[in-house]
Amino acid sequence: MLCAWIGLAAAPSWAQGQTTRPDLSPEDRREALFEALQAAPTDVDLLLAYAEASMALDDPEGAIIALERLLILSPDQPEVKLTLGRLYERLGAYDTARAFFSDAAEDETFRTEANQEIARIDARTAVHRVAGAVTLGVRAQTNATFAPSGRSVTIGGIQIDLDPDQREQADVNAFALGQIVYQYDLQNQGDSIEATLDLYGAVFASERDLDSQYVNATLGPRFHLTRRGLPGASLRPFVSATHVRLDRQTYLRAAGAGVTLDVPATALGSLRAELAAQRRAFSATTASPANPERDGWRLSARLGTRVPLSPRTGLDLEATFDRATADAAYEESLSAGASAALVFQLPVRLSDDAGEWQLAVGAGYRREVFEAPNPAISTRRRADDEITARAGLVVPVSQTLSLLVQADYQDRRSTYDVEEFDNLAGMVAITWRF
Amino acid sequence: MRHSSLAIAAALALAATVGHAETNADLKVGVTSAVAPQTYGTLRAAPTRTLSSGAPVHFGEVLETGPQGRAQFMLNDRSAFTLGPSARMVIDEFVYDPNESTGSMAVSLGEGVLRFVGGALSKQRGRVAINTPTTTIGVRGGIVTVRVVPGTGETFVTLGFGEADISTRLGEVVRIVQPGYGLSVGSDGTAGPPTPTQVPTAAGLNRALQGEIGNAEPGAPPASRIRSAFGASGMARAADAASSASAGAGGARGTPAGTPADVTAATVQSAKDPLRGLTVIDPPANTIPR
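Taken in sequence, the protein lines are chains P and Y. In terms of this note's numbering, the first sequence is residues -15 to 418. In terms of this note's numbering, the second sequence is residues 4 to 293.
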C-alpha cells in the first residue's frame, strides 16, 4: 500500500522530468508533456511547453487546446487571445480568428497588432476581392533583337553577310508589369468566379521597334474540390483573350479556353497543371509582312510543382508541351521543355516588417521541331534547342514592396542559323503588391 | 437506442481493457483539465460529484456545467472537449489503442455549447461522432463547435478545421469542408445549407468557452502568473510565424488552393514569389518570335 502511494505521488514529477530530456524526439517530448499534464493539467509552464511542442510538430490543434485551457483559468489574457487568433487563422477558421483578434484589440497593448490582423482577415474573407501586383523595372540585354550570333547566315543555300544593324544589338528597356486578380466568392465553401488581367509594356532606349504591349485576360469559375474528394485542391476552367502590340502595331490577337488544377502544399509539394488552347490571329506588320501565315491554334500543357527539400529550400520543377498549327506548314511546330530551380529562403531581412530574402538558381531546356522545311530558307526542317539559366534575388523591403535583381542567359541552337542567338540579360525591378 | 449504444460502447471499452481489473479507474478516458466552478460529473448510479482540475473522466459519465460553469476535458487520445455554461454531455464510447492510434469515440451533447479539438482518433474519417438530439456530427481533422438549444434540440455546427459530416435524423447528410462555415439543424431535423459563420456568432461561442473574471477555480494560477509565463514563452512567436506562413503560397491549412482565402498568395504567385519556376518575370516581348 505504501509502495503504491509512493509510486502515484512520484508519477507527475517523473513525467515532468522526462519532458526535459535532451535525447527525446519531438514526438516523444510532446507525449511526455501530455503525460505530465494528465497529472498537473493547470500547470502553466507545462501547458505552454505542450503548446510549443505541438507547434514544433505542426499541430496547431494541440496548441489551441492548451491556450483555450488558459482562457478557462483566466479569461483576461489578451496576448493569449491574439495568439489563438493567429492559430485559428493558420487553420483557415477566419471567423473564430477574427473574434479572438477583436477581443485582443480591447487591450491597448495589443490593439495595433490585433487590428492589423483583423484588416488582413477582412481582406481575405470579403465577397469581392481584388489582389495584384505591379512591377516596374529596367532590363539590359546584350542581344535585345535576338539577332543571329554569327556575322553571316545561310538562306536558300546562299551565305549572306549581315549588315551591322542586322546583328546583335545591345539595348536597355524599361518595363511595367501589372497582374490583377478579382474573385467573387460564391459563399458555398470555396467556389468563386475569378477574373485575371495581365498587362505588360516595354520601351527600349534604341531599338524602338521592339516597344511592345501585352494584355492577357482570363475569366472562369474556380471549384473547390475538397468536398468532391480531392482535399484542398481547386479546378478552374477559363476562357482567355490575348492582345499583343509590337512597334506600335497590332501583332497578335488570340482567344481560347483552358483549365487549371491547383493542388496545395502537401508533404510531397504543391502542384499546378494547366491545359489551354488558343486560336491565334497574327497581323501583317512592317517588319513581318508574312506574319498571318502563322495563324492557327496553340495547344499547351504545363505541369509545375514545388517540392520542399528542407524548411528553407524548395525545388521548382516545370514541364511544358506546346503544339502550334499554322496556315503555312513550316510554321507548325511541336515543342517540349523542362526547367528546374532551387529556391532558398535566406535568414536575412531588412527589417522586422519585411520578409526574408529569397534566392533562386535554375536552368531549363526546350526543344521545338517544325513540321516542314521553309522553302525560302532551307530544304531541311527547322529544329531548335534552347537552354536558359537564371539566378534571381528577391529582397522584401516591407510587407508590400520587394526588390528583384535577376540575371538570365538564353542560348538557342537551330538547324537554321538565322534562328540561332544568345542573350545575356540583367534586370532590376521593384514590385508592389496589394 | 441509447441503451444499445451504451452496451456496445461498454463492450468495446471492456475489450480495450483486457487484462486489467474492471474498476472505475479502468474506465477512465481522460481528465478534467480545467474548470471554472460549477462543473459536475455523474457516473451511473454514483452520486453527482463536483469536478475539479485533474479529476478523472470516465466512460459513460454525465458531464455538466452550471450557469457560470466552464470546463475542458482532455481525453487519452489528446483530443479535448470544452464545455460552455449550462451544458451537458456524455461520453458514450471511447476506445483507443495508443500504440496504433486507432479506436473510436462518440459523445452526446444534450444542451449548451461544446468545442471539440481533435487528437489521434479524429485523424481518420468515421472515428469521432458527436450526437445531439437532432443530428450526428462525424468529425475528421478537426475542430468543431456545436451549440444545442435547450428544449428544442436545435443544433448549430461550425467548423474550425478539418471536415464535418452532419447527418440528420431525416437521413440527410451535409458535409462541411471549409473552416468558418456552419449550418443549423432545426428541431424537426431539417438542415440548412452551410454558410459562413458570422463573426458575432463566433465571438459569442468563444466567450461561452472562456472563464469569467473573478470566477476562477480555487487554486488556479493567477492571471498575472499566466501573463508573465506566456510572455516569456515562445508561443506568440511560433503562432506569428504560423499565421505568416498561412499568408504565403499554399494559404491556410484548411483552405483550398486558389480560393478567395489565399488569392493573394496562390493566384498572384509572382507578387509573393517572383522566382517560382523561373518564368514569372519573363517579359512577354522576348517571347514574341521575330
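Each hint should be verified, as a subset may be incorrect.
Derived EDC-like pairs (lysine to aspartate or glutamate); straight-line CA-CA distance at most 16 Å [claimed, not checked]:
1. K31(Y) - E114(Y)
2. K126(Y) - D43(P)
3. K31(Y) - E19(P)
Rather than coming from a laboratory, the hints here were simulated on the basis of the structure. All values reported here derive from a predicted model rather than from experimental measurement.
Is it true that the CA of K126(Y) sits at most 16 Å from the CA of D43(P)? holds (12 Å)
Take the C-alpha atoms of K31(Y) and E19(P), compute the straight-line distance between them, and say whether it is at most 16 Å. It holds: about 14 Å lies between the C-alpha atoms, which stays within 16 Å.
K31(Y) paired with E114(Y) [C-alpha distance capped at 16 Å]: violated (23 Å)
Hint compliance for this structure: hint 1 is the single one not met.
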